[in-house]
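Protein chains in written order, with my numbering: chain A, 65 to 124; chain B, 263 to 704.
If you are wondering where the hints come from, they were derived from the structure by calculation, not from laboratory data. Errors might be hidden in some of the hints.
Claimed, not checked - Not the full set, but computed from the structure, chain B residues with beta-carbon under 7 Å of chain A:
no.: 1; residue: Pro446
no.: 2; residue: Ile495
no.: 3; residue: Leu516
no.: 4; residue: Leu517
no.: 5; residue: Phe518
no.: 6; residue: Ala519
no.: 7; residue: Met522
no.: 8; residue: Phe557
no.: 9; residue: Leu559
no.: 10; residue: Lys566
no.: 11; residue: Thr618
no.: 12; residue: Ser623
no.: 13; residue: Ile671
no.: 14; residue: Leu674
To be verified - If you want a taste of the chain B side facing chain A, the calculated C-beta under 8 Å gives, among others:
no.: 15; residue: Thr506
no.: 16; residue: Gly510
no.: 17; residue: Ile520
no.: 18; residue: Lys563
no.: 19; residue: Asn564
no.: 20; residue: Ile585
no.: 21; residue: Ala588
no.: 22; residue: Val592
no.: 23; residue: Ser594
no.: 24; residue: Gly628
no.: 25; residue: Phe658
no.: 26; residue: His660
no.: 27; residue: Val668
What the hints assert, rightly or not - Listed next, the stretches of chain A that the computed footprint assigns to chain B, with coverage defined by at least 3 CB atoms under 8 Å from CB atoms of chain B:
no.: 28; region: 70-77
no.: 29; region: 86-97
By construction, the Cβ of each residue, glycine as well, lies at the ideal position given by its N, Cα and C atoms.
Listed below, chain by chain, are the residues.
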Amino acid sequence: MFNRFYLILGIAIVAAYAFITFNGWELGSPTPQQLPAEARNAPGGYRSFHFWHEGYQGGK
Amino acid sequence: MKLSAAALHSQCPPKCPQCAKPVVLRAPDHSERVVCKNCFALSEVRSGVPRELKLLRELNEAPAAPPNLLPLGATGKLDDVDYVVTSHLRRKLRWCQETREQDEYWLFNQETGFRRLLHCENHWSLAEQLNDDETEFYMSQVRCRGLSLELFDECFAHNEFMVGEFARLAGAASPRKTALFIRPPFLLFCTPHKDRKLGKKQPDHEWWLAKYLEPQVIKRAFGLTDLAEPQNIAPNQPFPYRATYFYGAGLAALLFAIWMFALIRSDERVIYSQTMQLNPVTGSEETQVFFTEPFDLAPRKNLKVTARAPVNNSWAYVEGDLINEATGLVYSFALPVEYYDGYEGSEYWSEGGTATETHLSALPPGKYTMRIEVQWEHWAAPFSATVELQQGIPRFWHFFWALLAVAAIPLLVGLHQHSVYEPDRWKGSPFLPHRYKPKDDD
Chain A
65 MFNRFYLILG IAIVAAYAFI TFNGWELGSP TPQQLPAEAR NAPGGYRSFH FWHEGYQGGK
Chain B
263 MKLSAAALHS QCPPKCPQCA KPVVLRAPDH SERVVCKNCF ALSEVRSGVP RELKLLRELN
323 EAPAAPPNLL PLGATGKLDD VDYVVTSHLR RKLRWCQETR EQDEYWLFNQ ETGFRRLLHC
383 ENHWSLAEQL NDDETEFYMS QVRCRGLSLE LFDECFAHNE FMVGEFARLA GAASPRKTAL
443 FIRPPFLLFC TPHKDRKLGK KQPDHEWWLA KYLEPQVIKR AFGLTDLAEP QNIAPNQPFP
503 YRATYFYGAG LAALLFAIWM FALIRSDERV IYSQTMQLNP VTGSEETQVF FTEPFDLAPR
563 KNLKVTARAP VNNSWAYVEG DLINEATGLV YSFALPVEYY DGYEGSEYWS EGGTATETHL
623 SALPPGKYTM RIEVQWEHWA APFSATVELQ QGIPRFWHFF WALLAVAAIP LLVGLHQHSV
683 YEPDRWKGSP FLPHRYKPKD DD
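Let's have the full structure, built from the sequences with the hints guiding it.
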């Protein structure tokens with residue numbers, strides 16, 4: 065029973081690895097955000113849009 | 263199953279010399295001893311048609327019959343061979359530390375001859391007799407049929423109860439010393455020939471090689487419905503999780519093959535690389551923003567963004583957005599670049615570096631523009647930063663973590679086998695191998 069459980073788990077790990085490798089997946093990638101339609105249609109397009117960044121909070 | 267000889271003798275069975283009741287011989291051509299099931303007298307089976315029985319030992323009082331799981335005449339199939347149960351024997355095995363009772367069922371097949379089905383503390387093993395030249399002593403081991411078996415223990419075996427047909431030596435009534443050698447699932451036991459006569463060509467020892475059988479196999483073979491499960495570890499019981507080693511090796515090989523295939527087919531390429539010269543800004547929270555020319559991204563290939571900046575005891579912060587020109591979807595990332603070093607007392611220390619990278623999942627194929635926003639600590643001075651975007655990067659760490667995940671269980675199982683299971687198997691043996699001895703005993 066345990067051997068079978070391990071075999072199934074192992075196959076799942078190998079399958080997940082193959083899927084990630086051949087689809088270019090990265091763990092922890094950020095979810096995409098949608099640029100508002102008015103920003104894309106405005107003169108200058110998204111170049112004048114204020115993106116969502118908050119600036120650096122670190123440093124020493 | 264060929265039982266023609268048995269059929270012949272069943273029509274005209276020999277009579278017990280003591281009680282004169284008919285004695286059924288299921289292996290008339292192979293049996294040399296028979297114990298009458300009515301009076302338990304031991305007789306020698308003599309050649310002739312029909313066979314004749316010569317009384318060897320009378321019994322005035324019938325012994326108490328132990329529970330018999332496989333009655334005489336029961337049939338079953340083991341390893342694709344049909345057997346009939348010809349006898350039942352109960353032995354008392356006296357070890358140096360304990361005494362155990364073992365039941366033995368002698369099985370017979372016309373082509374393979376006798377086999378002994380051993381049943382001890384709910385463990386089962388099927389044994390076949392070896393020729394003397396099939397075994398070879400080597401130090402405390404015995405080599406046979408390509409196996410090296412380790413000496414496990416020595417015991418005295420005493421027959422307490424016998425009924426049915428046996429080969430010659432099983433009829434010995436006095437205790438006989440038996441040496442046991444193991445290499446799970448195999449158990450080799452060796453008994454010196456007690457009635458060996460000088461000058462006669464007769465082997466020194468009688469060797470039997472037994473292979474462990476799971477109780478379920480016995481259940482299926484003989485159609486038993488209820489069979490107790492063993493509660494301890496038999497000397498030749500195979501480690502139950504051994505299969506995880508083979509599965510683990512197979513899965514690791516599969517992972518390695520996938521990793522190699524991914525390496526071979528990867529076409530790592532630089533999509534964009536630029537060093538930006540940044541002019542001073544008017545405040546510490548001010549940033550400079552750049553947009554790249556549109557570029558194409560291929561499907562199902564991951565991305566790697568690297569930022570480099572000549573920081574020294576300072577920081578720079580690069581934020582980026584990959585903007586899909588067609589859909590307006592924005593994929594953001596941030597790359598803090600910082601490097602600090604110095605001395606604490608006389609000891610040099612450093613942390614960080616002048617380059618930082620991040621990996622992003624593959625994006626939907628299409629035309630993209632990258633927005634880069636840079637902020638740096640010494641904002642009043644000119645600065646430079648390099649941003650590079652690559653696609654199709656083989657990821658060794660994914661392979662490593664997958665390999666570790668696959669290997670974790672076999673490693674834990676191996677640790678359990680070495681530190682718990684095998685010492686438990688050997689705990690009653692005076693020949694405990696050095697590898698299983700506690701370190702305190704070294």
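- request: Provide an ascending list of the numbers of those earlier hints which the structure does not satisfy.
  value: 1, 2, 5, 6, 7, 8, 9, 10, 11, 14, 21, 24 and 25
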